[in-house]
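Generate coordinates for the entire structure from the input sequences, incorporating the hints supplied.
As a plain string of letters, each chain reads:
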Amino acid sequence: AQTVTQSQPEMSVQEAETVTLSCTYDTSENNYYLFWYKQPPSRQMILVIRQEAYKQQNATENRFSVNFQKAAKSFSLKISDSQLGDTAMYFCASSSGGGADGLTFGKGTHLIIQP
Amino acid sequence: DAGITQSPRYKITETGRQVTLMCHQTWSHSYMFWYRQDLGHGLRLIYYSAAADITDKGEVPDGYVVSRSKTENFPLTLESATRSQTSVYFCASTRRGNQPQHFGDGTRLSIL
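Residue numbers (this note's numbering), protein chains in the order written: chain D, 1 to 115; chain Z, 1 to 112.
What the hints contain is simulated information worked out from the structure, not anything from laboratory work.
The following label-pair restraints were derived from C-beta to C-beta distances:
id : chain 1 : residue 1 : chain 2 : residue 2 : range
1  : D       : 98        : Z       : 69        : 24 to 30 angstroms
2  : D       : 42        : Z       : 16        : 31 to 37 angstroms
3  : D       : 114       : Z       : 79        : 45 to 51 angstroms
For the chain D half of the interface with chain Z, some residues (derived, Cβ under 7 angstroms), not all of them:
id : residue
4  : 33
5  : 45
6  : 91
7  : 102
8  : 105
Note that the Cβ used here is the ideal one computed from N, Cα and C, for glycine as well.
Rendered as structure tokens:
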């Protein structure tokens with residue numbers, strides 16, 4: 001069974017600062033994918049970024065980037081120039097069965113951006 | 001508007017009652033999923049489906065039933081609701097397993 005661990009239940013930073021959210025995972029699969037999802041107070045689940053495990057290059061999406069350390073099974077999310085709209089719950093997730101068998105989520109990190 | 005829709009958005013019911021949560025997607029995605037979200041647990045997979053008439057159990061399937069007679073619909077039924085099933089339920093879909101899942105807006109279910 002896969003496990004995903006987010007060790008920071010809550011984080012708070014000032015607007016414009018850079019923040020890193022931690023995530024570690026455990027899987028016995030060779031073909032898997034990793035995701036970060038954002039859940040604002042509206043309850044929507046919004047994809048932030050996706051990483052293919054077989055790719056060594058770290059994924060980036062505008063202000064969001066990951067540090068993927070495959071051997072250490074670590075997948076942290078870095079948010080640069082944080083904005084008030086980044087305030088949300090952030091969930092790290094890993095896929096199984098190449099993604100066909102659903103996602104395993106961490107318990108989430110509540111990120112608060114202070115003005 | 002195309003996408004994935006869940007209904008109802010909110011539901012209150014009593015223990016022992018049967019309740020069905022609906023999920024409909026307009027993308028013709030093959031894969032569909034049901035998750036529940038509880039404080040302190042993140043999202044947990046209840047059931048998933050790779051195609052019409054193919055369903056599989058996830059991490060927490062007890063007390064739930066699913067069906068998928070049509071590609072676009074994936075209803076979740078609680079046959080005899082219990083208080084422990086009070087939760088927020090999310091439906092999701094994806095075209096291929098290696099692509100990101102698209103989530104509905106969720107159903108908040110309260111069982112009294």
